[in-house]
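**Student:** Residue-level listing of the chains:
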Amino acid sequence: MGRPAHRIESRRVIEAKELEIAPKTHNFFSHGILAEAVSLLKKDLLAEIRTRVAICAVGVFAFSALLLIGLATASLKDTQTISTLSGISRPAWDATSKMSLLWVLLCFAAFAGLAHTFVHEEEAGTVLALRMNAAPESIYFGKFAFNMILLSGVAVCVTPVYVLLTQMPTGSIGLFVLLMGSGCFGLAGTATIIGAIAAKAGGSGALFGAIGLPLLVVFLMLLMNASSTLFTVDAAPVRCVRDIGGLLSYGILIAAVSVLTFKFVWED
Amino acid sequence: MIQSQVSVIFNAVSHRYGGREVFTGVNASVQSGQTAVVSGSNGSGKSTLLKIAAGLLSAKSGDVDIHIDGRLCNQMERRRDIGYLSPDLSLYGELTAAENLQFFANMQGIHLTKIDLTHTLTKVGLQGRGRDLVRAYSSGMRQRLKYAYALLGNPRILLLDEPTANLDTAGVELVENIVAEHTRRADGCLTILATNEPREMNWGDQHIVLKAAE
Chain B
24 MGRPAHRIES RRVIEAKELE IAPKTHNFFS HGILAEAVSL LKKDLLAEIR TRVAICAVGV
84 FAFSALLLIG LATASLKDTQ TISTLSGISR PAWDATSKMS LLWVLLCFAA FAGLAHTFVH
144 EEEAGTVLAL RMNAAPESIY FGKFAFNMIL LSGVAVCVTP VYVLLTQMPT GSIGLFVLLM
204 GSGCFGLAGT ATIIGAIAAK AGGSGALFGA IGLPLLVVFL MLLMNASSTL FTVDAAPVRC
264 VRDIGGLLSY GILIAAVSVL TFKFVWED
Chain R
2 MIQSQVSVIF NAVSHRYGGR EVFTGVNASV QSGQTAVVSG SNGSGKSTLL KIAAGLLSAK
62 SGDVDIHIDG RLCNQMERRR DIGYLSPDLS LYGELTAAEN LQFFANMQGI HLTKIDLTHT
122 LTKVGLQGRG RDLVRAYSSG MRQRLKYAYA LLGNPRILLL DEPTANLDTA GVELVENIVA
182 EHTRRADGCL TILATNEPRE MNWGDQHIVL KAAE
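Protein chains in written order, with this note's numbering: chain B, 24 to 291; chain R, 2 to 215.
Think of the hints as simulated: they come from the structure by calculation, not from any bench.
Wrong hints could be hidden among the right ones.
Below 20 Å or equal to it, Euclidean Cα-Cα: the simulated PhoX-like pairs (lysine-lysine) are [stated by the list, open to error]:
| no. | chain 1 | residue 1 | chain 2 | residue 2 |
| --- | --- | --- | --- | --- |
| 1 | R | Lys212 | R | Lys115 |
| 2 | R | Lys115 | B | Lys65 |
| 3 | R | Lys115 | B | Lys286 |
So the derived list for chain B, only partly shown, Cβ under 7 Å to chain R, looks like this [stated by the list, open to error]:
| no. | residue |
| --- | --- |
| 4 | Glu59 |
| 5 | Ser87 |
| 6 | Thr149 |
| 7 | Asn156 |
| 8 | Lys223 |
| 9 | Ala258 |
| 10 | Ala259 |
| 11 | Pro260 |
So these bits of chain R aren't anywhere near chain B, every CB distance computed over 10 Å [to be verified]:
| no. | residue |
| --- | --- |
| 12 | Gln32 |
| 13 | Ser62 |
| 14 | Asn107 |
Where a beta carbon is used, it is the ideal one built from N, C-alpha and C, also for glycine.
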C-alpha cells in the first residue's frame, strides 16, 4: 500500500501556531459547571425562540385546557353539595379542588413540552457533541434551568387567567407565590430527569408517563397538602412551614438526586 | 523527530450490542505523529471502536488508555484533548454555523473572537456562510462545519469516522491536509480514522482491521 504524496514531499514539522484555531484559554474543568450550564441555557433559549417547539406544545395545551375548564365549570360556581356521611353542605368545587386542577393542567403542560429538551437532542443527533463538550452536571443544570424558565412562564401566564375563570381564592399572596414557585421547581426538576431517561430509552411519550408517575404521585400529594394549608384560614405558621417547606424540600431533593444520578443516565 | 507525547493504546478491547459480539480482543497502539486507519466490513465495529476511544461508550471488556504528556487520562479528561467527528454527530440545525462554534467554544472554555470565527470557517471553506442556519446547509457543508467544530481548541487527538463522507473533491483534499498537518504538529498529535475508502486508507501509517464477529 503506497504512502501518500504529502508524506514523501514534506517532512517538516508544522508548528502548532500554524494550525491554531482558537486556543483554549483555560482549563476545561476549571471553566466550571455554572458557565457551561449558562451557555447551554442560552443556546436552548435561542433555539426555542427560533423553533418555538416547546412553547407551542406547552402553550397550546395550557390554553386549550383553560378554555375547556372555563366552559365545563361555569355551572359549578355557586353549586353546593351535601356530604352523604356528615350531611354538611359545602361548595361543590372548593379552593383545594381548583388548585388541584390548576396543577393537573400545569403537570400535563409540562410533560407535553419539557420532555422535548432531551428528546430533541437525541433525535437531532446533537447529543454526542454535547456529551463530548460538557460535564453531565452542567447538562442537567442547563436543561433544568430551561425547563424552569419555560414552566414558570407558563404558570405566570396561565394562573391569573385560571384564577379569574374559576374565581379561585389565592389566600396569602406571598404564600401563594411561594407555593407556585416551589411547585414549578419540583415539577421542572422531575420533568428534566424523566425527560432524560425517556430520551435515552427511545423518546417514547408513554414511557415518559410511566416513569414519571411514581415521582409525580408524591409530588402531587405534597402539593395538595400545601394547597390545603394555603386555603386554611388562620393556619398555624408551623403547618405552613411543614407543608409548603415540604413541597420545596421535595423539589430540592429531586434536583439533588437527579444531579448525583444524571451521569449514569446521560453516559452510555 | 517528534517526541511521543500522546498515545492511544487499545488493550484487548471487546464490545457487544445485546447478545451480538461486535469485535473481540482489539490490541493496538497509536503514538504521536502517527495516523491509524481502522477498517473492516459494515457492522465490524469501526464507529464503535472510535466511540470507545472518545470515551462516549464503555467497552464491554478491555480498555483504551490515553496518555497525554505522560499522564493517563480518565474518560472525562480525555474529551478535552479529542476532536471527534462522526456521521452520528450533528450540530444544531436551528443555530447558525457561527453560533454553533461559539456555543461549543463556550462549553470548552475557549474565548472565540470574531476573527477566530472567520479564520476557522475560512479554514474549512465556509467563509461568508457563518450567519446561515446549519439546517440550510448541504450535507457537504455540514461535514466541513464538523471539521471546524472538531478542531476547536487544537485537540491533540483527532478521531474521524468516515472523514470524507459527503465531501466533494476539494473537500477531500482539505481533509487530507488537515489530517497531514495535524499528525505532524510539533506538540505531538495523532489521528485515527475509521474508513473503508481506498484513498483514505493510504493516509495511515498503521492499520487496524476489524473482522465482523460471526
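**Student:** Now, for every hint given, state plainly whether the structure supports it.
**Tutor:** Hint check:
1. R:Lys212 <-> R:Lys115: Violated, at roughly 46 Å.
2. R:Lys115 <-> B:Lys65: Roughly 19 Å separates the two Cα atoms, so the pair holds.
3. R:Lys115 <-> B:Lys286: Given that 20 Å is the threshold and the Cα spacing comes to 34 Å, the pair is violated.
4. Glu59: It holds, given that the least Cβ distance between Glu59 (chain B) and chain R is near 5 Å, below 7 Å.
5. Ser87: Status violated, d = 26 Å.
6. Thr149: Constraint on Thr149 (chain B) satisfied, holds at 5 Å.
7. Asn156: Holds: closest Cβ of chain R sits about 4 Å from Asn156 (chain B), inside 7 Å.
8. Lys223: violated (13 Å)
9. Ala258: violated (47 Å)
10. Ala259: Violated, about 49 Å.
11. Pro260: violated (45 Å)
12. Gln32: holds (15 Å)
13. Ser62: holds (15 Å)
14. Asn107: violated (4 Å)
Checked against the numbered hints given earlier, the structure breaks hints 1, 3, 5, 8, 9, 10, 11, 14 and satisfies all the rest.
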